[in-house]
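> For reference, the chains in residue letters:
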Amino acid sequence: MTRASLERVEARPGDPVMSAALVAEHGLSPEEWEQILGFMGREPTFTELGVFSAMWSEHCGYKNSRPLLRTLPTEGPAVVQGPGENAGVIDVGGGWGVAFKIESHNHPSAVEPYQGAATGSGGILRDVFTMGARPIAILDSLHFGSLDSPQSRYLFDGVVRGVGDYGNCVGVPTVGGEAIFDPAYERNPLINVMCIGVLPLERLIRGEAEGVGNPVMAVGARTGRDGIHGATFASEELDEEAVDSRPQVQVGDPFTEKLLLEASLELIERDLLVGIQDMGAAGLTSSGTEMAARSGSGIDIDVAYLPVREKGMTPYEMLLSESQERMLLVAKPEHEEAVREVLERWDLQAATIGQVTDDGMFRVREDGVVRVEIPVKPLVDDCPTYVREGVMSLAVAEARSADLGAYASFESDGEVDAALRTLLDAPSIASRRWIYEQYDTTVQTNTLEGPGSDAAVLRLPAEGRALAASTDGNGRHTWLDPRTGGRAAVAEAARNVACSGARPLAVTNCLNFGSPERPEVYFQLAGAVEGMGEACRALRTPVTGGNVSLYNETGGQPVYPTPVIGMLGVIEDLERRVPSAFQREGDEIWVAGVTRDEIGGSEYLAACHGLVAGLPPALELREAASLVDFLVEGAADGAFASAHDCSDGGLAVALAECAVGAVDGPLGCTVDLDAAPAGANVSAAGRWFGESHSRIVLTCRPGEGERIAAHGRRHGVPVARVGVVNGPDSPCRLTGAGHAIAPPAAELARIYEEAIPRRMSEEAGITS
Amino acid sequence: MKVGIVRFPGSNCDADVYRAVTEGLGESATYLWHKSTDLEGVDVVVLPGGFSYGDYLRAGAIARFSPIMGEVIDFARGGGLTLGICNGFQVLCEAHLLPGALVRNRNLRFRCHDVGLRVENAGTPFTSAYAEGDLLHIPIAHGEGQFVAEASTLDEVEAEERVVFRYVDRRGQATDAANPNGSARNIAGIVNAEGNILGLMPHPERHSLSVLGNTDGLGVFRSLLAAVADGRGRRSDPAPPAAAEFAAGAVAGVSS
Amino acid sequence: MSRVWSVDVRVTPREGILDPAGETIRRALGNLGYEGVHSVRAGRLIRLEVEADGAEAAKASTEKMCEQLIANPIIEDYVVRVREG
Amino acid sequence: MSRVWSVDVRVTPREGILDPAGETIRRALGNLGYEGVHSVRAGRLIRLEVEADGAEAAKASTEKMCEQLIANPIIEDYVVRVREG
Ligand SMILES: Nc1ncnc2c1ncn2[C@@H]1O[C@H](COP(=O)(O)OP(=O)(O)O)[C@@H](O)[C@H]1O
Ligand SMILES: [Mg+2]
Chain A
1 MTRASLERVE ARPGDPVMSA ALVAEHGLSP EEWEQILGFM GREPTFTELG
51 VFSAMWSEHC GYKNSRPLLR TLPTEGPAVV QGPGENAGVI DVGGGWGVAF
101 KIESHNHPSA VEPYQGAATG SGGILRDVFT MGARPIAILD SLHFGSLDSP
151 QSRYLFDGVV RGVGDYGNCV GVPTVGGEAI FDPAYERNPL INVMCIGVLP
201 LERLIRGEAE GVGNPVMAVG ARTGRDGIHG ATFASEELDE EAVDSRPQVQ
251 VGDPFTEKLL LEASLELIER DLLVGIQDMG AAGLTSSGTE MAARSGSGID
301 IDVAYLPVRE KGMTPYEMLL SESQERMLLV AKPEHEEAVR EVLERWDLQA
351 ATIGQVTDDG MFRVREDGVV RVEIPVKPLV DDCPTYVREG VMSLAVAEAR
401 SADLGAYASF ESDGEVDAAL RTLLDAPSIA SRRWIYEQYD TTVQTNTLEG
451 PGSDAAVLRL PAEGRALAAS TDGNGRHTWL DPRTGGRAAV AEAARNVACS
501 GARPLAVTNC LNFGSPERPE VYFQLAGAVE GMGEACRALR TPVTGGNVSL
551 YNETGGQPVY PTPVIGMLGV IEDLERRVPS AFQREGDEIW VAGVTRDEIG
601 GSEYLAACHG LVAGLPPALE LREAASLVDF LVEGAADGAF ASAHDCSDGG
651 LAVALAECAV GAVDGPLGCT VDLDAAPAGA NVSAAGRWFG ESHSRIVLTC
701 RPGEGERIAA HGRRHGVPVA RVGVVNGPDS PCRLTGAGHA IAPPAAELAR
751 IYEEAIPRRM SEEAGITS
Chain B
1001 MKVGIVRFPG SNCDADVYRA VTEGLGESAT YLWHKSTDLE GVDVVVLPGG
1051 FSYGDYLRAG AIARFSPIMG EVIDFARGGG LTLGICNGFQ VLCEAHLLPG
1101 ALVRNRNLRF RCHDVGLRVE NAGTPFTSAY AEGDLLHIPI AHGEGQFVAE
1151 ASTLDEVEAE ERVVFRYVDR RGQATDAANP NGSARNIAGI VNAEGNILGL
1201 MPHPERHSLS VLGNTDGLGV FRSLLAAVAD GRGRRSDPAP PAAAEFAAGA
1251 VAGVSS
Chain C
2001 MSRVWSVDVR VTPREGILDP AGETIRRALG NLGYEGVHSV RAGRLIRLEV
2051 EADGAEAAKA STEKMCEQLI ANPIIEDYVV RVREG
Chain D
3001 MSRVWSVDVR VTPREGILDP AGETIRRALG NLGYEGVHSV RAGRLIRLEV
3051 EADGAEAAKA STEKMCEQLI ANPIIEDYVV RVREG
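Chains as they are written, first to last, in the working numbering: chain A, 1 to 768; chain B, 1001 to 1256; chain C, 2001 to 2085; chain D, 3001 to 3085.
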């Protein structure tokens, strides 16, 4: 490319004058500004400044996270498409692929929970269907403040309705997720939504802009002034002003999304496109430049052709608008008319706004006059990155070294009984029925196991196969020890998937952290990513994509560092899938995995003693990997009647969950916790409520326990028979460490079921 | 039997009905595009669940004016077997093919879970495969499923035994607790006076495949098969080719 | 002469039809400490810009739209009002 | 003296905020042959019976309710009007 080939770029009359303040307002540092001047060879126009501001924001440019993300494993036999596309794709056999990705919409949801969550769902759906995949499931990972706070209840209610209404209308079931409540998320909730789609592998399409002269088309909703600078917004802390930043609020239109979905899949199926991409964060700017960057081409568009919703929009606004339900596509030239016809059939707007070029430039005209001309490669690929120094904060150091001796034992059986009830009533543990009954969980008739089980299980188009999915993370553990938290998120997600009988295959992830400019946050980010990478390697589950959401803080207080893992696995024979809860009276109860004296960071300390302290349970990689093998092979062999992962609340809570979750109503049980495999010197609290990793509650038909034992021996996983499942009207008789309790299963079920509805009773959907 | 499944742009249970008819029952099904005016000679018309045109105004309000609905209304009025599920029920009410209306659930929230349904009338072409009093477990998934009508209308519908399904608890009782949306008299589904048009909120098609572990809903489609074999209802007339072509290009109920 | 009129349609739940949305707002207001809110009805407000030959014509045409589409007479009442132009 | 006032709250989507409901109604009216419907905005109408010491007090108290609960100021505008008692 030579300078001679370039056109004259004209500033727009009335544009603000370039100044240091204006540059700073656009979130660019003086050094970044110098770098821009360097490769532009001139001062950018105001419109160009807007483009840089968006593309070099944390959200699009991954300034602070890219060097860390590079360390994650991204390759494996199942991976068809790794990071760098709209979504990752894995091969699930029989010629079928699964596209999946997770995305955050934290800041928009803090400002307007319903629309924020709805548009978050919309964005991730588009990422999946632009790969040529039909979305078959949504999972949502949600973190809020305490439900005792009216503000948290308002956010929680709005987000759940927003996620629900959007997916329900588009017709994609929401089949799983997680919901955690902790004051650390009080004013900065985390809303992460994962979407999964299926596609015949030969139909995979990418977000590429190839072929000089090929038409570039804008499709879907008209462009309005909403969400301008959303990407920059997502890269800043939330403060009082942010809450007042009205133009940034986008309203979702799930019906238009449904039209886009059907039309896009039809266009892809008929092979009419070269490339297609969602106009997500930073709208036209990021979709246009990223498509060109992937193919090493250029793109030349004229915003005069862009259908708009409001009068008098400037190129700056049109380039940065984040109006929802829009896509950018590059058509095969001979098919431009056919593309138009398909879109018309679906009552969608389509406008050809420009074409693909070979000069490597992102060129934007306004009625022919060039307003933007930026070389694509440095814009997209050379966004400055930062490697920072991290340090552990004093608060964390103090919390880690706290003496937990006082909480390790119980005064009486009554205290144990009360603790179990408190834990089942804790919103982070209690039944999520209140949430998922607002979601359509069964549309598309693929749902084999919906919400409520360890992993969602969906049948795949390939005969007899099923897909298992789970999202997991633990902010509290990650706060206390980032590397362990990162490992544990991956391992827990893998366990959940494996409990259903599926072989974990690959992950997507969402990194929700505070400002990386704080050394204590950077420490968390670096540690968590390191731990994630270690676990992904140990479990052979490469990372195929994800999302980074930084600057999650309010009033200088970062949220807990919260890496969320979305894990997929495949069950070869769906008849061999394993449910989570007890199945029938008389079944033997077994525990696999070792209980250690680990109560640090537990929900028990938090819910019963208001304490976040100690070291979180260690995650031994080899143990985690053998446990997964044990589960997958045991399930394939039909050795388990049920399998439930032991996590928040420990063994006692896991057993209670198995009891209250039985399909036809709660079942009692008799269990000796002391019989479970254990390390040395495990305290009473550790035995009952400690959260040691890599432990599973299993059941089998009476007399079939030897099969569990054999699988345990084969994989070096300690297993032991601990008790038996009782009938419907019986108590959960639990003994251990010198204590015995026998709360009726029905009573535990009532506590578990009512915890969230009781807190939400007066908050019905008022403003919609 | 050939089942015609109407596809509004926002329908999202169309494929589920298709699978219930083809995989569950082994019969044939075809989609009827909302902009078409040709029922293609089908024996049964199904208006599936979903959000026909977004349903931002009132569920089913706009769908009723779509080109295909003109044909569906003629077909149904002429005795053709017509089944409206969820959004389809809403459309049938808006089109005045069934009495009453469906308004927001009484708790103002979308609800999706299995409900208990009691078969109140096994003498319809939609329920002959069941016995009166049978208890079914079938999912609901709706935000606007509260059936309301004037008391006199309700009395008439009851007197004529046109209530086909009622929400009940595990013991088969039509209690308030078993009523998921506040529907008048726990009504989940009704037929018209002639008995050839059924609207119901629950989704029988979602429980029609054995792989999913419950086939309580398949009886609805099995009943239709029997009715068609018996020569009940009537077959739709395919439109003359010229008219069909014209209709395909006609303006839809919604266009940008 | 033809010009554009601003027309408001107020749609309210019919007397006797349950109004859970209104009822919920009333309860929530009570919980927030607002006393003396005797009843709340929640309806819809549709605001149209209609081209017509006069206020009367704008009103008549909007009323037809209501009958046909905007309101459902089984459950809703409506009132059409032409605002100052 | 305290008495009961009928108060109307009209809630409409803010300028510039996408209004899919209004847009859908507009298109549907067009397809039904209503010409000259230039724009449609879909809002809410909340009708309250409020006990207060005068029309002004009724209005002031309802405005507080709007801010706190009835409207969502981030995406909606609202107007409170006391109707003839
Ligand atoms: N935490 C992460 N780990 C690995 N890859 C990531 C992560 N976050 C983002 N990516 C990848 O970087 C690319 C750009 O992501 P993103 O900007 O979120 O996509 P979009 O343009 O759809 O918003 C995607 O392919 C995504 O998968
Ligand atoms: Mg995206």
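Each hint should be verified, as a subset may be incorrect.
[Claimed, not checked] Between beta-carbon pairs, the in silico distance windows are: (1) C:E2051 - B:N1214: 53 to 61 Å; (2) B:D1169 - C:G2054: 54 to 62 Å; (3) C:D2077 - B:D1169: 30 to 38 Å; (4) B:T1215 - C:E2035: 23 to 31 Å; (5) B:G1026 - A:A709: 42 to 50 Å; (6) B:H1113 - A:A462: 23 to 31 Å; (7) A:E704 - B:A1193: 57 to 65 Å; (8) B:A1193 - D:E3051: 42 to 50 Å; (9) D:G3036 - C:E2035: 45 to 53 Å; (10) B:D1237 - A:E585: 53 to 61 Å; (11) C:D2077 - B:Q1173: 33 to 41 Å; (12) A:Y154 - D:R3081: 38 to 46 Å; (13) B:N1214 - D:K3064: 45 to 53 Å.
Note that these hints are calculated values from the structure, not bench results.
Quick reminder that beta carbons are idealized off the backbone N, C-alpha and C, glycines included.
> All hints, please: hold or fail.
Checked hints:
1. Distance hint for E2051 of chain C and N1214 of chain B: a CB-CB separation of about 55 Å, consistent with the stated range 53 to 61 Å.
2. Checking the proposed 54 to 62 Å range against D1169 of chain B and G2054 of chain C shows it holds: the Cβ atoms sit about 59 Å from each other.
3. Checking the proposed 30 to 38 Å range against D2077 of chain C and D1169 of chain B shows it holds: the Cβ atoms sit about 36 Å from each other.
4. Restraint check, T1215 of chain B to E2035 of chain C: a C-beta distance of roughly 55 Å breaks the suggested window 23 to 31 Å.
5. For the pair G1026 of chain B and A709 of chain A, the beta carbons lie near 45 Å from each other, so the given range of 42 to 50 Å is met.
6. In this structure the hint that H1113 of chain B and A462 of chain A lie 23 to 31 Å apart at CB holds, the actual value being about 29 Å.
7. Take E704 of chain A and A1193 of chain B: their Cβ atoms lie about 58 Å apart, and the range 57 to 65 Å holds.
8. At roughly 48 Å, the beta carbons of A1193 of chain B and E3051 of chain D sit within the given window of 42 to 50 Å.
9. With their beta carbons about 47 Å apart, G3036 of chain D and E2035 of chain C fall inside the hinted range of 45 to 53 Å.
10. Our hint of 53 to 61 Å for D1237 of chain B and E585 of chain A holds, since their Cβ atoms are close to 59 Å apart.
11. The hinted window of 33 to 41 Å between D2077 of chain C and Q1173 of chain B holds, with their beta carbons roughly 36 Å apart.
12. Judged by the Cβ atoms, the range 38 to 46 Å given for Y154 of chain A and R3081 of chain D is violated: they are separated by roughly 27 Å.
13. Distance hint check for N1214 of chain B and K3064 of chain D: the Cβ-Cβ separation is about 51 Å, which falls inside the suggested range of 45 to 53 Å.
This entry does not satisfy hints 4, 12, going by the numbered hints stated previously.
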